[in-house]
Structures are given as structure tokens and as C-alpha cells.
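Peer 1: Read off the chains here:
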Amino acid sequence: VRAELEAAIGRVITNRGALALLRADFDGFAAGFDLDDAERRQLGAMHDDLARLHRSFVTKRSRALRSSFPYTVARLGDRFELVLGRFTDDHPPADESADDLARFGDFLVDVVEAWDEPRLTIDVARAEHRRGCAARAVIPGEDLDAARATPVAGSEIEPEAAAVLARRAGVTLGRFDHDMRRLPVLATTAIDELPAGESFHAFFRRCGADFTQIWRIEPATYRVLAAMDGRATRCEVEALADGAGSRLAPFVAEGAVDIVARR
Amino acid sequence: MTVLVGAGYRPELRAIFADGTADVAELVLDRYGTARGAYRRSWDLAQVVGRVPVLLHGLSGNVGSVVGPRDRYVELVGERAGALGAIAFSDHLAMTRTATHGLGHLAPNLYDPALLTRAAGHVERLAEALAPAGCPLVLENLAYDRRLSGSQWTAEEFTLRLLDATAKWSLLLDVTNLWVNSTNFAFDARAFLDALPPERIALVHMAGPQRFGDWWVDTHGAAVRDEVFALLEDVLARPGVEPIAIVVERDTNFQGAEPEVRADLVRVRTTLAQAAARRGAGQPRPARSTSLPA
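Protein chains in written order, with this note's numbering: chain A, 1 to 263; chain B, 1001 to 1294.
Worth flagging that the hints you see were computed from the coordinates, not collected in a lab. A few of these clues could be false.
[What the hints assert, rightly or not] Simulated crosslink set (EDC-like; lysine to aspartate or glutamate; CA at most 20 angstroms straight-line):
1) A:60 to B:1145
2) A:60 to B:1030
3) B:1168 to B:1157
[Stated by the list, open to error] Negatives, chain B to chain A, calculated, CB over 12 angstroms:
4) 1078
5) 1125
6) 1127
7) 1145
8) 1227
9) 1262
10) 1277
These numbers come from a predicted model, not from an experiment. In this text, a Cβ means the ideal position worked out from N, Cα and C, and glycines have one as well.
Pulled out of the complex, with its shape left as it was, chain B reads as follows (with noise of 0.2 angstroms):
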């Protein structure tokens, strides 16, 4: 199976989707469509669409929150993914809003039984959105700056059940946020990958994270690290890991940031043609933990 190699789409990597850099491009939804029949930036949309596939990425399906998507969010997700072609649709499994406003981020919640039921429901209905377009839902592991005590479960743990609890989603498997919040909340990263069934990891995120003192923070401005490629390399070697595409994400301090996502583009497809040999060649996986992330 061919994983598509590509990056998020904004304007000042447009080179990287007009010479053929980037065989997949991921629009964000939000900044893209905001009501039936309307579209913000058709500038940028008329560089991608219909020149490579396209991966939707939601910032606001509240499906980490008992609330959950808006209505007009879920029909939007549907439309937009029709009217786009596109391949995937994902989101967070983050809180994006309360019953009466926006946060404006992506925040953790309180993980236990009452938001897993909910949070279940809320996958289901996106799900149904997405399909009658044929676009499977995928959702992203968040990273977070602490967690809620009182929380029953770690988010990893959240995520695990929630593949669990229901099939109608698979993973955004963003490595560089297992690789902060293991090196923040000093977890085993590839605990979390063990636990994880392999062929519900659907897409792949990478990013460059920065650090404010002892803290790590995925701020998506900077390349990809050395550690986020090593743990990339790991997914890669699990037998049954077949993502649709692996993107590069790139948010922010764009000064010089091109040449770095190229070269961050031509480190994955590198790692993954090093997997396929590695398999090819039956050579054994790194060895697995053996403990779940606390």
C-alpha cells in the first residue's frame, strides 16, 4: 500500500503542492468553510482541490467534551467533505466549547465512563455526517498542558477506550504530541503504541515542537525532531500499520520554514522506504514495553 507523503496547506508553503513536494494536502475546515454554500481563502482552495487528494482537518468537533459538535459543525463536516473529495476527515479528541461558548483551543476534559458514553455518540454522529460521502472519520490524540485531577483515565487511556467503544473512527496518530506529553508528563510513548491496534491508525502527524524551559510545547513552528522521527520509525515497524497518509504539519515562524518541511517531507518518505525494506526483509521490530502510560 502507498502512504501519501504531504503537509498541511497555508499559503506560505504553496510551492511545496505546486511542484509535486507534497502528494497530499490537509485544509484546515475552519479556515476554510464556514456556512452552506460559502468558503473563506477559494484562492487557496483552487491550489489544492482537484490538484492533489485532500485530507480535511477539523479544529472544532468538541467530541472530548459531553456537549459536543454543533449541529451546523456536523453538516458543514458532511458537505465540505463531499464538496472537497476528500479522503479523510479528522478532528480532536479535544474539548472545543462549552454549552455556551467557544475556548478557542483544544483543551482536556475530565476522562471517565460518563464522557466515554458521550463522546461515543458524538463519533457516531460525525460519522453518519461523513458517509455519504464515503470519508472516514478520523480522529487526533491531543497534546496537553496538564491534566484534570479527577480525571478516572489519562488521555491515552480515554483514547484506547474509545477505540473500544465504538469502530466508526480510527487514529490520528499524532507522534509529536505522544512524543510531548511522554516527555512532559515522562510516560513510555511506545507503551501507548503497544496498546494500540495497528490498523486503526489512519493518518500520521508530524510537527516540530519547541521548548519553554523545561517544558515542551507542540507549537508546530519549528522542523520535525530527531526523537518525533525515532518514534515515527517505531510506528512504521508494527506489523498491520498501513496509514493513509503521513502529514507534516507547519503553523507557525515561517521565515525558513520551507526548505525545513521539505526536508522534514523527504526524512518520511526516507523512514518509510527504510520500514518497507525492514519488512521486506523480516527483520525484527523494536522490542515492545510493557507497561500502559500512567
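Isolated chain A (complex conformation) (with noise of 0.2 angstroms):
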């Protein structure tokens, strides 16, 4: 009962090719749900309605996602509004935010990719789509007392050699938003039993933790990273980053991460 007259309703109000085809050809488009009478005759007499929450559904969306991503918007200009009508077109909301801003962030990174934009965008657009990613990540319930109580020796921690594509400092980072409990955990203590050698691990700490987690992040990401740390200059900046106009500082004020002390 009903069900194909909402599934109508929520297409033309989530989706702009079909509120342009309701306006052009509402037979056509009527034809494509199984309704009755009387409830074509209600999709027709809502047609103003819904083409006003459409306005308002693509728009709460749109800066959903565009939120999520302030400086690939920075740098993409006008053009992230053509990613973001892309996608939206393509692609139907997920029941979760999280797997909606999830699936537009591979859509956004694979654009811009595929647009062959300056490094450092595309740089900037992965480490905003890993930090999302990050913040929402699923967490296995049953494993959070277990990487609590099992903390391993700074000495146990041995990049792959695959992940290993130069060595660079380390780098510790501060204040995290979000605890991987999945990801190898070390005990704070152990930190300066790490190999003094240079690696693309980053250290989340939570404040006043007796623990760290460890990510191994890509060089990409983590020149991205080394350059947020709030002292570099903006010369600095943009000589890590292979581009000019770096917008990279303001990254870190935004609080997801803080560089406290760099190894």
C-alpha cells in the first residue's frame, strides 16, 4: 500500500534528473513505479511541493558533503559543485550519513585523480576523505578492553618493507577524535624504544593515555600531515607539498589532528 507512491516521492526529492523528469514528461516518468489511479493523480497534484523539498533535500546533502571537505573545496572552487551534482545524481542517499560521505569521498579522490589535478589537491582531498573516514570508522565492540589490556613494545613495531617507500622522521600526533582500537596499539612509555630511524607512521595519543595507537600512512598522506604541524612556514609548506597556494595550515586548527612534537 503506498510504498511505489513514496518510492516516487523520494526519487524526484533526492535526484535531479528525475524532478526534470517529472516536469518534461510526468507519464513517462509516472510510468516507471506501479501506481494506481489515485495515486497518480497524487503525484501529479504534488508536483510543486516536490520539486520545493527537492531544493531542500540536494541542498541539506550538498552541504552534508561539502563540509566534510573544506579545503579540496578551496581548491576545487566552482568545480567541486560539478563533483558534487555528479555524484548526487548518480548516486541515491545511503540509509547512514557516514556511508554516504564515505562513498563521495572515493567519488571525489577518483575525480580528482582522473582530472590529473596538482598534486597537492589531490593530496589535501585524500587526507580530508582518510580523516572522515577515520572519524567514522566501525569499531569492533568486543575488541576495545582487548587492545586496552594488550598494549605491545615500541620494539615490536616493524614497518612491512612494502610500506616502507622512504624514511622520514616519525611524527606524533596529539589529540585525535577518534580512538583505533583495531590498529596495533603501543604502550606510551615505548614510544622512545622506536628505532630512531625515519618511518611513515603516525602515533595517535589520546591526552593522559597509557597507550598510542600506531597508522602506517602513505608518503602522500603523511607529506601532508608533516606539513600541518602549525611552525612551517608557508614556504616550508608548499616546498613539502610540491605546489603553491598552499591552504594546508588552517587543516590543523581545525582540530582534527594536532602535531605536538615531531620525532
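Relying on the hints, combine the two individually framed chains into one complex.
Peer 2: Structure follows, in C-alpha cells:
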């Protein structure tokens, strides 16, 4: 009962193409749903209402997606709206906003790579996508206490060879709003035991916690993170990121990560 | 009865929960729980769970549709309410998905007897899932941009009829949503309040709306307005209104938000105290309206 009419309503208020079809060819649009005569009449009567709701829904969804990528928006300018439009046209909203953001992040990174954007833009998009995924990551509840109970010694942390593309100074990251329990856990007191070599690993430590999580990161991500310590000059940031017009400093100020010390 | 005064938990407002300014935290289920035995943002959860009473708030209940909530969501609601020791679970009187996909936000629907029958069934399913946790089901009145032509009832009339149809739920009265709707659609908010059974108001939401042209939108992005506090005052003056909690919501515009939310919380407490004093002194409550919302 009425499920098909709701499906038609949902399609129009979330999809630009469906709204256009409803306006241009009502019969053609309605034929896509198993509606009885009364439901067809109801759908026709709410044409203007659905157009208004469409504006509201697309605006809210776009705002939510845009707000997770502020620095990619700043770098892409109006072209970000193109990406958003293509995404919302082709992907109906997911049931959970976290899934919608994750799908959009994948889509955005693919697009900026395909557009052959400057390396800095691609890195920023990836970093913002990764930050969002980390913040929304799903943590198996049963592992929470186990991870806390079994921290490993620093000397046991050895990056896989495949991950070591170059050796750089390690980075200790401070406050991070997400507790990545599925990742290796290191006793905080063991940080100094780590080999004094260089690696692409970030250490996430909650203030006052007696353990630290280690996140193996890509060189590109490392480069962006390392540039965001709030102490680097603009020139240093740009040199690290192989690009001009860096807007990375505020990225840290936003509070997703603070680099509190560099080893 | 003590009414808890708190806020929707956001990491940006963490200090409000840490220093005891908020004595209850509302956690958005969809942000923190996604599947059996798994959590998102467990660090945030640790800031409030076990420290202050928790209200669980859902966004995907889909009670206002014929399709209703997904089985997985109903399971999740029951499980998380128990696991987090929630003192109430709330969701919205809205359509949030169709049979095939999510809508991403809260939509109005065609309010008619067919929907009423289905919605009552969805309410009973959710209430049953929450029963083992001893957690009451509470549903929020919707802020809407448009009424769908062909509806037999307004959203407010639908809410009243659903309250009549099943006793398995109580109302989360979002005072801001009511003010926004009554302003945008020019009806008397107090007429809706007059028609509400006061004992069914279990929770109250307050948030700051913002104006875009001549249209108010419930953005949760500003301080609560004076007009909304006036409406809260009216609600609290009604005999029999004893909500479990009053929650201030802030979900956008976090620059400078913390002092605004703190000030709103102080003002809610002041309004509560004044209402209690008036009741104690036997002062008359505001005059009733005479018409239902059109």
C-alpha cells in the first residue's frame, strides 16, 4: 500500500534527473512506478511541493558532503559543485550519512585523480577523505578492552618493507577524536624505544592515555600531515607539498589532528 | 519531579558535559552505532556514557512512511538502548527512506488514514524492541519545508491522531520545529499545544533556527530565539507537563557555539524554575487558543 508512491516521491526529492523528468514528461516518470490511478493523481497534485522539497533535500545533502571537505572545496572552487552534482545525480542517499560521506569521498578522490589536478589538491582530497573515514570508522566493540589490555612494546613495531618507500622522521600526533582500536597499540612509555629511524607512521595518543595507536600512512599523506604542524612556514609547506597556494595550515587549526611533537 | 537539562553531544561541545553544565547527553544513534557489536566514535561515547544519563536519538526510524524502519535498524535501536543504558530513545515522525533507498533527511508525507495505520504499527514495533531495555519510545514533531498537496491532515493533526491511535509512544516536543512551522505556515502554535495531552510530552528539544529570506529553517546553527523560549514558557506553564529532559541542540556553526549553548542551558533552567514558582504560587497559565492548526 502506497510504497510505490513513496518511492516516486523519494526519487523526485533526491534526484535532479527525476525532477526534470517529472516536469518534462509526467506520464513517462509515473510509468516507472506501479501506481494506481488515485496515486498518479496524488503524485501529479504534489508536483510543486516536490520541487520545493527537492531543493531543500539536495541543498542539505550537498552542505553535509561539502562540509567534510573544506580544503578540497577551497582548492577546486566551482568545480567542486560539478563533482557534487555528478555524485548526487548518480548516487541516491545512503541510509546512513557515514556511508554517504564515504562513498562521496571515494568518488571525489577518483574524480580529482582523473582530472589530473595538482598533486597538492589530490593529497588534500585524500587526506580529508581519510580523516572522515577514520572519524567514522566502525570499531568492533569486543576489541575495545582487549586492545587496551595488550599494548605492545615499541621494539616490536616494525613496518612492513612494502610500506617503507622512504624513511623520514616519525611524527607524534596528539589529540585525535577517534580511537583506532583495530590498529596496533603501543604503550605510550614505549614510544622512545622505537628505532630512531625514519618511517611513515603516525602515532595517535589520547591525552593522558597509557597507550598509543600506530597508523601506517602513505608517503603522500605523511607529507601533508608533516606539513601541518603549525610551525612550518608557508614556504616550507609549499615545498613539502610540491605546490603553490597552500591552504593547509588551517587544516590543523580545525582540530582534527594536532601535531604536538616531531621526533 | 526534576527535569534534566542537557544538550546534544558533539565533540565541539565536550566541555559542557565534562564540567557538569549539562546533566543529560543526547547521543545520535546513527553517529555512534552502526551494526551489532560495533561502534563509531567510541572516544566520544566514553565522554558521556556512564558519566551523565544518556538519551538516544535516531534519525532513520522512518515511522512517518508506509515502509517503516528496516529490521536491522529496529534491532539496533533495542540493542543500543540497552547497551548504553539510555533513559529514552527518540526518533522522528518523518519519512526517511523509501522501499529502495534512503532520503538522507527527514521528509513529510501524505498524512492520511493509510499512513496512520502503518505508522501506528511501526511505533509498536519500535516500542517492542525497546521494551527489554525498559526504554520508552519518544517521537519528535517534524520541521517541514512544504506540506504535500493531497494530505488529509497537517503534520500536527497527524501527530495528535497518532497519539490517539497508540499509547506506545510519547512526544518529543521540538519547540523550535513548532515555532518554525507555525511562523512559516502561519498557524497558531499554541493551538497545537492546547490539543496535546500534557502527560504525553516526554522530552523537549530547543535549537536555534536561521532565517533565509522570508523562510525560517531549523538549522541547529544559532542560539535559541526569544520567541522559542516564550513558547517553552507556555509549554511548561501547562498542568501535567513533566518532561524527562529538555535538550538544547547545536549541530552547525560551531564557532562561538559553546558559550551560546551554555547561555541557552542557563536560560532553560531559569525558565523551568520560573514555571515551577508560578505553579507553586497558583498563577494562571497563558490563555488557551481556540483553533487547531489549519
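Peer 1: Would you mind marking each hint as holding or not holding in the structure?
Peer 2: Checked hints:
1. A:60 to B:1145: holds (12 angstroms)
2. A:60 to B:1030: holds (17 angstroms)
3. B:1168 to B:1157: Holds, at roughly 18 angstroms.
4. 1078: holds (16 angstroms)
5. 1125: holds (16 angstroms)
6. 1127: Since the minimum Cβ distance to chain A is about 21 angstroms, residue 1127 of chain B lies beyond 12 angstroms and the statement holds.
7. 1145: violated (5 angstroms)
8. 1227: Per Cβ check, residue 1227 of chain B is outside 12 angstroms of chain A; nearest 22 angstroms; holds.
9. 1262: Given that every Cβ of chain A is farther than 12 angstroms from that of residue 1262 of chain B, nearest at about 19 angstroms, it holds.
10. 1277: holds (41 angstroms)
Comparing the model with each earlier hint shows a violation of hint 7 alone; every other hint is respected.
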